[in-house]
Every structure is written in C-alpha cells, then in structure tokens.
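Asker: Chain by chain, the residues:
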Amino acid sequence: MKGKVISLILAAMMTTALVGGCGTKTDGVTAEEGGNTNEIEKGEVQSETKPAAGSDEAAGNETAEDETLTVWCWDPTFNIYAMQEAEKLYQQEHPNFKLDIQENVYTDIETKLITAAEAGDYSTLPDIFLMQDYSFQKMVTNYPDLFTDLTASGIDFTNFSSGKLADSTVDGKNYGVPFDNGATIMAIRSDIVEEAGFTAEDFKDITWSKLIELGKTVKEKTGLPMLTSSGGAELILQMLQSTGATLVSDGEVYLSGNEALVEAIEVYKELVDTGVMVEYTDWDQYIASMNNGSAAGVVQGCWIMSSIQAAEDQSGKWAIVNMPALDGIEGATNYANCGGSSWAISSNCKNPELAYDFINATFGGSVELYDTLLPNAGVITSYLPAAESSVYQEASEFYGGQKVYADIVDFAGKVPKLDCGAYYSDIRSAITDAATNAVQNDADIVTEIQNAQETVEFNIGG
Amino acid sequence: MNKNRKMSTEKRHRLVGWAFLAPAAILIFVFCFFPMFQAILLSLQSGSGDAAKWTGLSNYIRIWKDKTFWQCLFNTFFYFLVQVPIMLILALVLAQILNNPKIKGKGIFRTMIFLPCATSLVSYSMIFKSLFANDGAVNHLLMNLGLTPVNWFSDSWAARVVIVIALVWRWTGYNMVFYLAGLQNIDYSVYEASYIDGANAFQRFFKITIPLLKPTILLTAIMSTSGTLQLFDESVNLTAGGPGKSTMTLAHYIYNISFVETPKFHYAAALSVFILVMVAILSAIQMKVGDKRE
Amino acid sequence: MSKFKLGISYVILGIASFFSVFPLYYMISGATNSSIDIVRGRMVPGTYLVENFKALIANQNLGLAMANSFRNAVLMTLFTLVVCSIAGYGFEIYHDKGKDILMNILLLAMMLPFVAILIPLFKMFSSWGLVNSWVAFVLPSVSTPFMIMMFRQAARSFPEEIIDAARIDGLSELQIFFRMFVPTMKSTYGAAMTVTFMNAWNNYLWPKVIFQKNESITMPMLVANLKSGYSVDYGMLMLGVLLCTLPTAIIFLCLQKSFANGIMGAVK
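Chains as they are written, first to last, in the numbering used here: chain V, 1 to 462; chain F, 1 to 294; chain Z, 1 to 268.
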C-alpha cells in the first residue's frame, strides 16, 4: 500500500518531469498542466500568456521594426494599470506599439538591477523600469551604467514639481520621469475631532506644539490618540524634510549638531510620551488602527489614502490637511514627502528614441492619461499641468466634499528638498536606531544622534 | 593469487564508489565552490563593478571595527545556543511518541506537526506579529494570569525571545521528520526487549533512542547550525532586525549591505567568508564528536 | 505502556498539533473573509471565498504560477533524489579515508550565505545563455551536501550482508543500489522527497533573479506580488498564501506513512 503511494507519486513526478524536460518553453508545460486544472484556471492561463504570444508574433515579422518595450514594475492595481493605460493611449497613434510588462516586486527590481550591474551583464535589463524615489540617488551614484541620461531626451522636466524631480536628478542630469506623488498629508477623522470641539480646519497650517496641545484635548474628550504611527524613522524624516535639511553633502555627514533632527526626535518622543500618538510596530496593525477608528488621524505620504478608503463605512468622516511644522527651526514648512516613484530608462534599451517618445507622449506630457489614472487607480500625479485639469478639481465624497486632490498637488509643489545624497537608506536606518533608543529607553538624544553620525560615517567610508 | 584478486575487487569497489559520488561532487564544485572562490577574491577587493581594486585584507580589518556586525554575531549566536537544543530535543520527543505503535491517528498528528514549516512565511509572520502585539493574544493571556504584559517588539530581549519561539515553532516538525525516518532503522523489538528489562521511558530515550539515532542527530545538528547562522526570514519579516539592531542576524546584515544600504559587495563577501570559517569550525567539532563508525 | 503514559502522549501531541495548525486555520479564515474584516480582526471563517478567488485570478495568473511551481519542484526533487542518494550510498558503502575527507569538504558548501555566491552564480549562467531556463533554476541546488549526508547516514544502517549476498548472486554494483538499497530505504526517500519538494517550492531569491519573465512566475512570487502595492487586499493575500501552502502539506500527507511505518522491520 505504502509502496504504491510512493511509486505513484514518483511516476507522476517522472511524467511531469519528462513533459517539462521536453517542452521547449514554458508554454508547452502550461498547456499540459493547464489541462489538469479546472476550466476557469485553464481559461486564465491561456488569456494571460499574451506577452509570450506577443513576443512570438514580434519574432515572426522581424522585418518590420520591433516596437515592443519591456517594462519592470509592480502592483497591478496601480503602476501596472498605469502602464497599461499609457500603452493604450500611445497605441492610438502607433498601432504596432506594444508593452511587455513584467511584474516585479520593488525590492526584487533593485536586487535584479544590482545583480546585473555587479555581474557586469546588462543584457537582461528591461527597457523601462520603475524606481522608488528613495533609492534613486543610491542606484545612479553607485551604478550609473544601469541608466540612460534623459536630460536631452526631449522630455520637458520643468512640468514636474522641483522637490520631486530632485530625487531622480544627479549632478544636474535627469535620470527619471516622476510618476506618482508622495506628498505628506495629515488625514484627520473630522467626526472624532468634532467630538472634542474642534474642526478639521483647526489642524491646518499648525506647528507640532499646537498639534500636541490639540491632541491632548482630543485624548481627554474622546479617549483616542490623535495620531497613529508605524514607528521607525519615517515620520522623523518627513519632519526633517519639511525644514529642507541637508543630512549628507559632499561625503560629509551632518547629523550631529543638526537642530532640526534634535527637535524632530524630541517632538516624536513627546508625542509618544503624552499618548497623543500611538506607535504600532506592525504595519498591518497600523493600517487596522485607521480602519478601526482607534486613532483620530495619521501623518503619512498621500498614498496612505487608498488604505484609509478601504473602510467604506467611514466615508464622509475624513479630511486632509497639511502636516504640522517644527517649532523654532529655520526654514520650517508644513510640507514634506514620503514615497513615490519615477520611471527610468535602462542602458540596455534597444530603442531609446521609441522609449523617449512613448514616455514623452504619456507620463511626461499627457493630461488625458493622468485624468484616467486618478479616478480609476487613485494615482496622484506630480505632473503639474495635470493638476489644473477638471478631474483634480472634483470634490471627493469620502473626504466630506473636500477637493483633496487639488490640495495634495498644491502641497506637493511646496515640498522642500531633503538632501541625503546617495545615503538615504543608511541614514534612515541609523535614525531609526537613535529614535528607538531615545523613545523606548529614554536614552540621551544628543548621544544617540552622535552614535547615528558615527554609524553613517562608518557605512559611507567603505 | 587469491589475495591479489581480493585486492582488485576492493579497488574496483572503491572506484565504483567514486563514480557514484562524482556527479554530486562535481555539481557542488562547479555551482558552489567555484562561486565561493570568486567570493573570496571579491573579499580582497574594493570598489564596485569593473572598477574594483585589490585592497588586500582591508575588508577583514574593517570587520573588527564594525559594531553592527558584532551585534548581529551576538544575536545569531544567541539564537543558535538557545533555539537549536530546544528544537532538537522537542523534535526527538515528538518523534519518539509518534513512533509508538500504540498511538492512534499518527498520520494526522504527523501532518499537523509538520505543517508549520510548509506554511508560507507571509502568513506565519503576520500571525506572530499579531499574537505578540502590545494588545495581542499573548499579552492578554499574560494579564489573565496576573502577569505584566510585555512590549514584545520594542524590548531587545523580548524580541529575541519572539524569534526563538517562532523558530522552534517553525522547524520542530521539520526535524521530527528526519528523526521519524531515522527511527525506522531501529528495530522496534529492541524497545520491546527493554520493556521486559523494566527500563522506563527516560532510560529508553537516553539508552536506546539517542545512541541509535546518533547519525541522524548529527545530520540535524549540522543542518541547524548552518540554518541558524544563515538565518534571514525571521529577522527580516518578524522584527525587521529591530528594535535597533538587536534582533538582526548576520545573513540579514549581509543582505542589507549588499542590496538595501549603500552597496558594499566586497565587504559583504568578507563577512560571508568570515561566517563560513566560523560555521566550518563549529561543524568540524560536531563531526568529530558525532561522526564515528562503530 | 500504561494508559496514563499513553494519555500523556496524546496530550503532548494534542498541544503540539494545536499550535501547529493554528496558522492554517488563520489562513482559511482569512481566505474566506473580505480584506476589511480581516484588518478589523475577524477570526471566524466567512463567506467571501468566491470573491477573493475571483479577485485573485483577475489580479494574478494563478494557474500558471501553480503549474510552474509544480514543474520546478518536481524536476528538482527528481534530480536531487537520484544524484544525492547514489552519492550518499557511494560515500558510505565504499567509504575510505579519501571519501570521508571529501564529504567534510563538501559540507562547507552549505555554510556560505547564498547572497555571497548569488552574483558569481548569476554571471556564470548568464554567460552560458541559460537565464530564464529551468536548467539554471535546478542545477545550483540539485546536489546539496545536506541531502548527500542524509543518504550517507541512512546507508550506515544498511546491512552489509544484503550487499554481500547480492554480489554472490551476481548483481552489479549499480543493480545492488537500485534493487536492494532504493526499495529498502523508502523511509529516507520519503523524507528526502518531502523536504526537497518543500524547499524547491518555497525557494524565492534565486528563481526571482534567474527567471526574468512573467511566464516563469511561481507561487511564492505570486504571494509577494499580492503584497507589493500601497494597499494590500488581505482576503486575496490570505487565499494566495493558503494555495501556496496546501500543495506541500498534501505531499507530506501522502508521503508521511512511507517514512514512519517500520519498513526496515518488514525487510528483515
């Protein structure tokens, strides 16, 4: 009996292996194995192997110019959707044009790019890929050969907000076309603050000390913390950015003695100590705290709105304002940025002219495209002309009739530049450690910042 | 004459042995030792890509000054020393119980206990994070027992304990599988004879099971050693190395300096070689102790 | 064994099983609830399974990922079992000083963090033009010191009399391996098969680097895709995770009898 089970499984494995071994490409296997799965899946397999079919076709009429571009990006409901819409738009003028969109999680895109660059083999790279803004500088500085300089590509970069554009600009050269916006917002549960006798308006253009004051009242009256946070250095870095701080410049690290940094960590500590802000170490619980209504608001990149909107029953109960500013710091504003991404063209691009033209006609120059992307995928643009379009002026029901998108684009235009050089991740990690020690273990802030300074210096000098 | 022929069969058998193991050995040499050799060369250079320069032992000297590395080394050894013994003993006990012919429903029990290591990392880390959250099930239980709740992920030692618990949970069933397979090579009549001799459960466990399972125990010990020193998933997904760097493992650190922070592949290679030497020494000790033919 | 001791055994097994099965329950409950209910902490199975499934197949190519994962894992398991078991047998049955030393050297191979050899390995396969082929997926991990050692340790308990008898009967050395050793060692093969299948199924980093096309998606990649966006659909994610876990669990359920039911005893 037991023998039979084993031999049965072995036999099954043999057959599959043979099929797999003989089938020239994945297509063969898919067809074979798809037969074993149910009908729905089978249909799915066939309809979704389009890219393969596409490339076969392209190989078939090789005499005609190949107008296929390969793209690496992630998230079918956001970035991939945006690329597909851009493809449709461009196909109106160029019927032979095709995109081969390869879905890759962002960390994997970076891993693959680094692997290719370190191995010195760029042949596996796509034509276009999407980069998170926070590592754009790191990648261009360390691996310039991965990228194509877009400065002279014909794309008009003045149409993008300068703060955002700075992320993908190295030594005055443009390496990326800004895509989605990560402007920092403070989302507020208007119904909760009203319970405490305030309106969402009261939270607009304020400083952190004012927020703590208001937050204490909210906590007293409703028992709820004013803000929820996912811990780590994200909020502190946004505070720093709102002052336009320079953390690294010309290989020099400016953490220790940085007043804005001391102030940011102090504010953070006070927020936690007074219970005005509650910290969650786990992202899923952080999201849950918004959806469950266990905090009256959150300070985060505007992309957090898609998670907030998942709680449909809270429609009409949210409002969006700008973030608080740091007190007594020179250059302090109510604006910062967290997240967002930009398109890059790889050095392996076979047809750069086509890629330039495609990007120029879509992400770099089409209000029409962004008008489709906002309502259908919630993509808030950093392409300034699009902000004037009527779609952006529409009132949002979820946010109680506020014209949130126009507001956010307005915020985005005012974001100062945070200068981390190519070392954003190193700095972020060091500041996280410093903040954790200061907040959790009451460690001395100045000493912790000194340690962070040394850690970053050690990392940079290697 | 007779002796000569015997010699030649023995020689022939030796050659057959080499032929049997050749494919496996060649594969390991090509796909592991060759890249490993290249990693050693990398560790003696600095600079990225083609612009690399020979810098001798400078990457190794850097290790001594790297505080994060020593923190990660400490963490990793903590996991190794605490988690591996607990897990292996637990796996042995479970395997021993499940090997008893009188137990009913063994197939179901075995499958259930094996499940954790088949469980996708995503769901398992989500569950552990919510169980050990500040207002999670574990803290509720502690409060009901009249104990003080613990901030599991913001206290260094508590976070390390969570990782140990997660590791034991995940890999005990996996190790049990090897013990179950190994126990099949012990004739159950040996145990039956021990009943007649009046041995109790502990005596049977220590006098029969452990000595006879020695080859398998050595196997799992070496596997767990290399597994712990390359530990990555839990550090990344459960605690993200935090609070601070107090739960970060060596493999996590190496990954970070290769792919997350400013890339330093040459230094990462030096750290890897360092780990290699360390694990090799540990395993050599284990082999010396455990790998003797009677 | 007294009833009391048997009772304790059941209690221990019961506790261990409870803790082990809990995540499976969590996945099933998650897969049948809507995302917002999961976020809000609902822990009882719901009625949202069909919607989650529809969302999953609209978002990801589930059938293809399953097929690829099966193909990869099956190929890997098959080659590994053949290559490693014959090597382990060779190391033990014909052991001499040289082979023991070689075994110790081979063990070094499992001690280097994979990240360290990732780039040299990638360089090697891309120079051979094997990027995107299953060969590149299988080759680096077909032969693992761990599997070799597992079969070597198992061969240690293989009775020498059987080999001698077989030799007298005129069987060749290869025949002895296939006709005597392989059938006797079902328990070891069963365990090795489960473990190799599971490792191949769950492998992420190397396949991700070496497979560059959507058509090569595997189940762990599918799960990773599900949580890559700004907001995550937890219901869909939990269904994906469940579907990624079940095959290994089922393989184990089918095989577990083979490595735990006293086959050696039957031979004697």
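Honestly, I wouldn't trust all of these hints.
[Said to hold, decoys possible] Straight line, CA to CA, 27 angstroms or less: simulated DSSO-like cross-link-like pairs of lysine-lysine:
#1 V:K173 <-> V:K221
#2 F:K104 <-> Z:K97
#3 F:K104 <-> Z:K213
#4 F:K11 <-> Z:K97
[Unchecked claim] Just a few of them, taken from the derived set where beta-carbon distance is under 8 angstroms, the chain V residues facing chain F:
#5 S123
#6 T124
#7 K219
#8 E220
#9 D357
#10 E457
#11 I460
Quick caveat, the hints were computed from the structure, so don't treat them as lab data. All values reported here derive from a predicted model rather than from experimental measurement. The beta-carbon is built from N, C-alpha and C at its ideal position, and this holds for glycine as well.
Asker: For each hint, tell me whether it holds in the structure or not.
Answerer: Hints versus structure:
With a C-alpha separation of about 53 angstroms, the suggested pairing of V:K173 with V:K221 is violated against the 27 angstroms cut-off. In summary, the hint linking F:K104 to Z:K97 is not supported, as the alpha carbons are separated by about 45 angstroms, beyond the 27 angstroms threshold. A threshold of 27 angstroms between alpha carbons decides the hint, and for F:K104 with Z:K213 the separation of about 48 angstroms lies outside it, so the pair is violated. Our distance criterion of 27 angstroms between C-alpha atoms is met by F:K11 and Z:K97, whose separation comes to about 13 angstroms.
Hint on V:S123 is violated. Least Cβ distance to chain F is approximately 15 angstroms, over the 8 angstroms limit. A cut of 8 angstroms between beta carbons decides the hint on V:T124: the least distance to chain F is about 15 angstroms, and the hint is violated. Proximity of V:K219 to chain F is violated relative to the hint, the smallest CB-CB distance being about 17 angstroms (cut-off 8 angstroms). Restraint check, V:E220 versus chain F: the minimum CB separation of about 21 angstroms is more than 8 angstroms; hint violated.
This hint is violated: V:D357 has a C-beta 30 angstroms from the nearest C-beta of chain F, more than the 8 angstroms allowed. Evaluation of the V:E457 hint against chain F yields a violated restraint, the C-beta minimum of about 11 angstroms exceeding 8 angstroms. Taking 8 angstroms as the C-beta contact cut-off toward chain F, the hint placing V:I460 at the interface holds, the least distance being around 7 angstroms.
Going through the hint list in order, the structure does not satisfy hints 1, 2, 3, 5, 6, 7, 8, 9 and 10.
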